[in-house]
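Colleague: With the hints as your guide, set chain V onto chain Z.
Number of protein chains: 2
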Amino acid sequence: MAMSEPFLAIDWGTTNRRVYLIENGMVRHTERDDAGAAKISDFEREIAAIRQRHGDYPVLMAGMVGSSIGWQETPYVPAPAGMKELASTLHYIDERTAIVPGMSWQAPDGRCDVMRGEEVQLLGAHAAGLVPEEAVLCQPGTHCKWAWLGGNGVERFVTAMTGELFAMLRQHSLLRPQLGGDVADGDAFRAGVAQGQHRDLAASLFGIRAAAMLDALSDADAASYASGVLIGADVANRMEHDKVGRVYILADVYLGTLYASAIAALGGDSVLIDSHETFVAGISTIRELQE
Amino acid sequence: MAMSEPFLAIDWGTTNRRVYLIENGMVRHTERDDAGAAKISDFEREIAAIRQRHGDYPVLMAGMVGSSIGWQETPYVPAPAGMKELASTLHYIDERTAIVPGMSWQAPDGRCDVMRGEEVQLLGAHAAGLVPEEAVLCQPGTHCKWAWLGGNGVERFVTAMTGELFAMLRQHSLLRPQLGGDVADGDAFRAGVAQGQHRDLAASLFGIRAAAMLDALSDADAASYASGVLIGADVANRMEHDKVGRVYILADVYLGTLYASAIAALGGDSVLIDSHETFVAGISTIRELQE
Numbered sequence: 001m002a003m004s005e006p007f008l009a010i011d012w013g014t015t016n017r018r019v020y021l022i023e024n025g026m027v028r029h030t031e032r033d034d035a036g037a038a039k040i041s042d043f044e045r046e047i048a049a050i051r052q053r054h055g056d057y058p059v060l061m062a063g064m065v066g067s068s069i070g071w072q073e074t075p076y077v078p079a080p081a082g083m084k085e086l087a088s089t090l091h092y093i094d095e096r097t098a099i100v101p102g103m104s105w106q107a108p109d110g111r112c113d114v115m116r117g118e119e120v121q122l123l124g125a126h127a128a129g130l131v132p133e134e135a136v137l138c139q140p141g142t143h144c145k146w147a148w149l150g151g152n153g154v155e156r157f158v159t160a161m162t163g164e165l166f167a168m169l170r171q172h173s174l175l176r177p178q179l180g181g182d183v184a185d186g187d188a189f190r191a192g193v194a195q196g197q198h199r200d201l202a203a204s205l206f207g208i209r210a211a212a213m214l215d216a217l218s219d220a221d222a223a224s225y226a227s228g229v230l231i232g233a234d235v236a237n238r239m240e241h242d243k244v245g246r247v248y249i250l251a252d253v254y255l256g257t258l259y260a261s262a263i264a265a266l267g268g269d270s271v272l273i274d275s276h277e278t279f280v281a282g283i284s285t286i287r288e289l290q291e
Numbered sequence: 001m002a003m004s005e006p007f008l009a010i011d012w013g014t015t016n017r018r019v020y021l022i023e024n025g026m027v028r029h030t031e032r033d034d035a036g037a038a039k040i041s042d043f044e045r046e047i048a049a050i051r052q053r054h055g056d057y058p059v060l061m062a063g064m065v066g067s068s069i070g071w072q073e074t075p076y077v078p079a080p081a082g083m084k085e086l087a088s089t090l091h092y093i094d095e096r097t098a099i100v101p102g103m104s105w106q107a108p109d110g111r112c113d114v115m116r117g118e119e120v121q122l123l124g125a126h127a128a129g130l131v132p133e134e135a136v137l138c139q140p141g142t143h144c145k146w147a148w149l150g151g152n153g154v155e156r157f158v159t160a161m162t163g164e165l166f167a168m169l170r171q172h173s174l175l176r177p178q179l180g181g182d183v184a185d186g187d188a189f190r191a192g193v194a195q196g197q198h199r200d201l202a203a204s205l206f207g208i209r210a211a212a213m214l215d216a217l218s219d220a221d222a223a224s225y226a227s228g229v230l231i232g233a234d235v236a237n238r239m240e241h242d243k244v245g246r247v248y249i250l251a252d253v254y255l256g257t258l259y260a261s262a263i264a265a266l267g268g269d270s271v272l273i274d275s276h277e278t279f280v281a282g283i284s285t286i287r288e289l290q291e
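In order, the protein sequence lines correspond to chains Z and V.
Note that our numbering gives residue 2 to position 2 of the first sequence, counting from 1, and the numbers run on in steps of one.
Note that our numbering gives residue 185 to position 185 of the second sequence, counting from 1, and the numbers run on in steps of one.
Bear in mind the hints are in silico, worked out from the structure with no lab data behind them.
All C-beta atoms in this analysis are idealised placements derived from N, C-alpha and C, irrespective of residue type, glycine included.
Be careful, since some hints might not be right.
[Stated by the list, open to error] Covered stretches of chain Z (chain V as the covering partner; in silico rule of three or more C-beta atoms under 8 angstroms from a C-beta of chain V): (1) 111–124; (2) 149–162; (3) 170–183; (4) 189–202; (5) 211–225; (6) 230–239.
[Claimed, not checked] No farther apart than 25 angstroms at their CA atoms in a straight line, the calculated lysine to any residue pairs in the SDA-like style are these: (7) 39/Z - 212/V; (8) 39/V - 84/Z; (9) 84/Z - 18/Z; (10) 84/V - 72/V; (11) 39/Z - 142/Z; (12) 39/Z - 97/V; (13) 39/V - 59/V; (14) 39/V - 171/Z; (15) 84/V - 24/V; (16) 84/V - 6/V; (17) 39/Z - 213/V; (18) 39/V - 177/Z; (19) 84/Z - 142/Z; (20) 39/V - 97/V; (21) 39/V - 24/V; (22) 39/Z - 177/V; (23) 84/Z - 289/Z; (24) 39/Z - 171/V; (25) 84/Z - 213/V; (26) 39/V - 176/Z; (27) 84/Z - 57/Z; (28) 84/V - 214/Z; (29) 39/Z - 174/V; (30) 39/V - 93/V; (31) 39/V - 21/V; (32) 39/V - 174/Z; (33) 39/V - 23/V; (34) 39/V - 289/Z; (35) 39/Z - 84/V; (36) 84/Z - 96/Z; (37) 84/V - 213/Z; (38) 39/Z - 58/Z; (39) 84/Z - 134/Z; (40) 39/V - 167/V.
Okay, chain Z solo, but in the shape it has when bound (with noise of 0.2 angstroms):
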């Protein structure tokens, strides 16, 4: 029975890939590496090398390996879109050789917005269990995803340069010697939340210049203060617009338990659910559809 052959799943994004080998929708193996698709210039022969490691099955990717940077640019399948869209419009390098399309998705107020290999995770935390038909999604990181799931699959979703933004002040703002501390939730991340609710980025952020000058800041508290006020101006944003009640976290626990107690404080709940089971539920799912 075909359902039961094992393929080849590849998380494959900008600087990282993770490659599982998936038999009845249980992980028979799966290896990590940076081989992220900026590195790469011949996916013909990593393809080949994977296979060679893990047998020779059909390969379902997902992720910036399909964008222009990848091994071939597919085009967004336009959200509203679940599972059944994505999987009848893969993209096909040969028949044992497929991409799973980005989704992208235009506001009524004309903001646009895209991901590549967030919509397997995101629309297999449903397909795993972990979330209900219609939930809030947010996935942390350098570009925080924020997606509705609902009878459609992906309703809409947003992303926010949160993480990026963060890098930057770190490295390039007049902050950068404030910064260089660890964050930690904690009072310090908490007070950040409550000044980024105030949806005032640009002033919040003098703020902590203003606030070490008159020694209100410590050097020690301002990286916890400012990623607070960043996260708290990306979920208070969130919030306002969407009455978000619970939200469904998907990150590792360091940056999962800074959204989590931002989104505590702002009055909302939040659980936290694990990235790698999402992803390897939905491209099963996908997977599934594609036979």
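Modeller: Quick look at chain V alone, frame taken from chain Z:
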């Protein structure tokens, strides 16, 4: 009569310096160069050279010359504060050479703010008769200052690092390839303002990247749009919290036009005023109060 004795006023910022020879409130001579405080190590020699060029007169300085990167660090005068408070807390290097202190503000929510040099121009705008006693002033730039003037002088103020964020995005973010173009007032800028007024910077900025992916924004328009988002968010935050009607803008025509356009789009109106004139009026008033 001492009042008619000329004096040398120096608007001494981080990267630039402007010297004015002032007599009876009139500028007899002025020079501008890039000998900002960050470049100078021997301030005593600089002042001697300035006196040699322009005359051996009393010197009154304002700006970053009074900061930790300047000649001597002067304490901030907490807002609300006006000309009298500045004049009575001058920092004297010697009896003929003084630095105007900067100003600080701590908002009720704990947010801190500081300025050095702008306080002279802001208060000078009223001294010059260019703005009424109660007025909202905006000084766009790397760190955009907004000040509320009233019976006590500067009642409070906010700095937004709007210009710095734009420069960082242009040089260091994923938007870099899109933001090489010129910024001008026009349809793209105003579409950015409309987006920016949601005050959801991290998401609106990612939307610029996504719009390029979806062919919804040309690279020629992206810099204007991004500037509109940032300035729109800055203006919207000020108008949201403060019912701003008329804003007096202290800026060159380029930046002044962009802020005026954003203020008009968000329901306010504005008047552009000259920041050199305001500095001269401000520093002359402090000089009069000094004697």
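Colleague: For every hint, state whether the structure bears it out.
Modeller: Consistency of the hints with the structure:
no. : hint         : result
1   : 111–124      : holds (count 4)
2   : 149–162      : holds (count 5)
3   : 170–183      : holds (count 4)
4   : 189–202      : holds (count 8)
5   : 211–225      : holds (count 5)
6   : 230–239      : holds (count 4)
7   : 39/Z - 212/V : holds, 23 angstroms
8   : 39/V - 84/Z  : violated, 63 angstroms
9   : 84/Z - 18/Z  : holds, 24 angstroms
10  : 84/V - 72/V  : holds, 21 angstroms
11  : 39/Z - 142/Z : holds, 19 angstroms
12  : 39/Z - 97/V  : violated, 60 angstroms
13  : 39/V - 59/V  : holds, 20 angstroms
14  : 39/V - 171/Z : holds, 22 angstroms
15  : 84/V - 24/V  : holds, 19 angstroms
16  : 84/V - 6/V   : holds, 21 angstroms
17  : 39/Z - 213/V : holds, 21 angstroms
18  : 39/V - 177/Z : holds, 19 angstroms
19  : 84/Z - 142/Z : violated, 28 angstroms
20  : 39/V - 97/V  : holds, 20 angstroms
21  : 39/V - 24/V  : violated, 32 angstroms
22  : 39/Z - 177/V : holds, 19 angstroms
23  : 84/Z - 289/Z : holds, 7 angstroms
24  : 39/Z - 171/V : holds, 22 angstroms
25  : 84/Z - 213/V : holds, 23 angstroms
26  : 39/V - 176/Z : holds, 20 angstroms
27  : 84/Z - 57/Z  : holds, 22 angstroms
28  : 84/V - 214/Z : holds, 22 angstroms
29  : 39/Z - 174/V : holds, 17 angstroms
30  : 39/V - 93/V  : holds, 20 angstroms
31  : 39/V - 21/V  : holds, 22 angstroms
32  : 39/V - 174/Z : holds, 17 angstroms
33  : 39/V - 23/V  : violated, 29 angstroms
34  : 39/V - 289/Z : violated, 66 angstroms
35  : 39/Z - 84/V  : violated, 63 angstroms
36  : 84/Z - 96/Z  : holds, 19 angstroms
37  : 84/V - 213/Z : holds, 23 angstroms
38  : 39/Z - 58/Z  : holds, 23 angstroms
39  : 84/Z - 134/Z : holds, 17 angstroms
40  : 39/V - 167/V : holds, 21 angstroms
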